[in-house]
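> As a plain string of letters, each chain reads:
Protein chains: 2
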Amino acid sequence: MRNIRQKLSIARGEQPAELVFKNARLVNVLSGEIHRANVAVDDGRIVGIGDYKGRKAIDLRGAYLAPSLIDGHFHVESSMLTAPEFARAVVPHGTGAVVIDPHEYANVLGLDGIRYVLESTKNLAVDFFIMLPSCVPATPLETAGARITADDLKLMIADERIAGVAELMNFPGVYLGAKSELAKIEVGKGKCIDGHAPGLRGEKLNAYVLAGVRSDHESTELDEAREKLRLGMHILLREGSTERNLAGLIPLINLHNAVNCSFATDDKLAGDLVSEGHIDHCVRRAIKLGLPPIAALQIATINTARHYRLRNFGAIAPRYWADFIVFDSLKNFSIRQVYKKGILVAEDGKFLARSPAAVPLPRSTMNLRYQARDLAVKVVRGKAIKIIEIVPQQIITKETLAAPKFADGEIVADVSRDILKLVVVERHRATGNVGVGFVRGFKLKDGAMGSTVAHDAHNVVVAGTNDTDILRVIEELERLQGGQVVVARGDVKAELGLPIAGLVSDQPLNEVMRRIDALNAAAHALGCDLDAPFMTLSFLSLSPIPQLKLTDQGLIDAVHLRKTTLFA
Amino acid sequence: MRNIRQKLSIARGEQPAELVFKNARLVNVLSGEIHRANVAVDDGRIVGIGDYKGRKAIDLRGAYLAPSLIDGHFHVESSMLTAPEFARAVVPHGTGAVVIDPHEYANVLGLDGIRYVLESTKNLAVDFFIMLPSCVPATPLETAGARITADDLKLMIADERIAGVAELMNFPGVYLGAKSELAKIEVGKGKCIDGHAPGLRGEKLNAYVLAGVRSDHESTELDEAREKLRLGMHILLREGSTERNLAGLIPLINLHNAVNCSFATDDKLAGDLVSEGHIDHCVRRAIKLGLPPIAALQIATINTARHYRLRNFGAIAPRYWADFIVFDSLKNFSIRQVYKKGILVAEDGKFLARSPAAVPLPRSTMNLRYQARDLAVKVVRGKAIKIIEIVPQQIITKETLAAPKFADGEIVADVSRDILKLVVVERHRATGNVGVGFVRGFKLKDGAMGSTVAHDAHNVVVAGTNDTDILRVIEELERLQGGQVVVARGDVKAELGLPIAGLVSDQPLNEVMRRIDALNAAAHALGCDLDAPFMTLSFLSLSPIPQLKLTDQGLIDAVHLRKTTLFA
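Chains as they are written, first to last, in this note's numbering: chain D, 759 to 1326; chain Y, 759 to 1326.
Isolated chain D (complex conformation):
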């Protein structure tokens, strides 16, 4: 602790603190009470609670003072924002710290991606703690930009801001005892080991926990979450843009087990963060659903700080960082002021912190090799084709069969039956891999839309009504060095450049939100009626999630995790 003797002298009351918060209604997440208090702050830390004098005083006049909120599991790339712009979105909502898994950066850039994240998340109005991505690539059925092994993780685990090993998505590998996965758990010894086991129950779940996994954020059913909690997993109650499990899981919580719960968002879009909120939204929901406010705030603060061992975060007590939120009502829980290390960083929804100097951006990640004829699908007479059927609001797909439409000896999109062509072009190492398939659910009547955000390998994925527009999308994405684009009849209708790893914009929050709105509007104008067409598109390559997917390596039977053919 910097200047410890000076701070001790202030704590002893021998000299005034830099700042005193007076007449607070303190939400004490340690003693589990709300009590009146004055809080003395110096040099970013809380030095004392009591009758202190300050060179400056802030009279809270009985407003609530609570520790800033903490997100237990988030992929910051899902916001498509740089860390400083993400801070701009969430700090006004009271977020003081986030535990992130830079899984997407790692898939594109490997360790360089994690290093960029470590650098670019420093000195902000939100503190970032990083879990090391454990499943890169997700499967061998897609070509990612990097491969990360236990030895790679070892190189980085010691960093103070590395909180552990991120979600072990290869849960069969773990419960079957694969050497590679057990080695990753071994690397995280003494830090946290996060799980990711949707629907895993019974004996396999026991084995997964036995291997050393101690958290999960994938429970969608109450019984599933209860089983995980009983087996000793820390339960992250997820409430993101699409995955909304909070209401379903709240009945799990009793006052004897709340300590084993945290809030998390996992993936949340910039617009949702701004308009709906972040962890403050979880607290509001939880209180509305009947959780005692103190428990909700413990889940949003100290429980997460303790689980992830975020030293001196998550509570208001001497030595802790002076990260506070101020609000007037536990009922509507609308945050009025946010302090980071004693400095006012947001007020009435307005972000007030200064941005730090920019850090160097990572290298270009758009290395394409393809030709127009790669998109062609030659006719095979008398055979039906497999169609990837979108399930709205979900990341699973269904496989259906359809008779193909022919033109000039090729199988083409058929807008009358909502069958679009889907193309995935490998973009990391110019392998020349191009996967082609067909998808139903976008309802585009014209044009094409494409993205370099395409889980988990983040190759170029394009859905379109014709090859010309599909090629135009790919060209434009290459020019942007990554991004999202809507094209119709050769014209770019809307676009968002994502030059940072092809995942994240270099533009300010408002500009990103404006362009996302324009992209959605353009897709809708072409006939699409999905809520979030680009999010849907970005999950069509995710090979571990059933039922039928398309990667740069071709059509994937995502149930049996193997390649399959277009023709039934």
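The list makes no distinction among identical chains, and a pair is therefore deemed to hold if it is satisfied within one copy or across any two copies.
Below, simulated BS3-like cross-link-like pairs (lysine-lysine); rule was C-alpha separation at most 25 Å, straight line:
(1) K947 / K1099
(2) K949 / K912
(3) K1099 / K962
(4) K780 / K1099
(5) K811 / K962
(6) K937 / K962
(7) K1163 / K1321
(8) K780 / K962
(9) K880 / K1099
(10) K912 / K947
Rather than coming from a laboratory, the hints here were simulated on the basis of the structure.
The model shown is predicted, which means the values in this text are computed figures rather than measured ones.
Here the structure of chain D is known, so what remains is to put chain Y in place on it, guided by the hints.
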């Protein structure tokens, strides 16, 4: 984890476990429920909870199965038992782990004492975790056998069984920012830093916490404990042989803060451990005082394991050690069976574990240099003398004045007024230091009693009615290589040898208890009416505790922490 693949296979249900506990009413301290379950155990660990098959099955027929109990703060020397004999006393009471502070061993033997403790506490039916003694010697006003600095602690802190830095009793040193004390806290970074701050409140308490101290076991008043809890201290609810704070502190606990509480005994005599119990006694008391049983059992298990980071202790879940207690009623909480790593180690109060091979004992610690004439107090006419006045049941003393009794030009004991001579002889390094004073409260009519257990420096302390018997006591203690003795008219009436550091017996539990009873009976036969005469005697040298004490360096004004004179 040993044979992890084998265990994973068992967890997956592919092969039977070594042992299955069937039809348990599982006290799940993680999910905060009691639910029916079968628990599979293999190679000492829990491998699964569910419908498992075992090569052996134990049908609990609906009995409660809970994790074994944990003591958060204990000085094992206070039992005067070796670790194996201590295990014999507490395992039938359900104790599975203890966090100990070998403060007395360290005062006598320094780092060698801690090394002996590390060695002698291995492979027992109780797991020992060790906090490194932080205040050796207690003050410069007594001559201990060793001095331990932050550099010494650094040598040992990395050991897996070292849980942190023990009670920082020099709390003024800490809150005033003394370099030596802050350095000790720095050594414990990443592990636990225990506090010890009786009565400390307000600004000084804030400074103490700010310095990095994160627990306390010295609260005797509810308000004091609440203040400490609010400032972020983990509260150890102490219930020892003499210090009994549990009932007073129970009202502190609500279900939002129970996680920040543990049970602890601090100091407890062998006989009390056997007859009254250990942490099971705390659980019984807490339940009787109205605490929900689940909260009481969480405080007795997982809360302590988490605070002290005892990995895989304190809960019943996969990967945790199979440390269980079995009992039939939450109301009387009488423990029927105790399992350590899946092995039955106690049943119906009977200890069943085998003792491991003995470890080498530490070196002799009785290095005396004294002469009969050192005990003489020459007459100074016309002056009253200061008397150490015993306060029954407490470790504080009072200072009173009395006119001395003379004989042959010396000041002597006066049994008619209950004024005995008190002698302290340095025993560690043969300095020749002998302190002589007078004490009231023992009520011996004849003879003398002495001990080499004499906090914190553990020199020889003897109270007696005449010099001949006092000398006889010292001789006998030297012959025993440490111990406790009652002598009358030259005859040894009762004795307990404590050859291990002059603190601990090398005899079995029953023999130690028998001899302690005999010592007390002998003291009572000579007129003493104190409940625990040797415990009272052992605190008369403790220089930091007010008001008047005697060390080898002479009479100590323990309020102002300085030497003082016998004559008023």
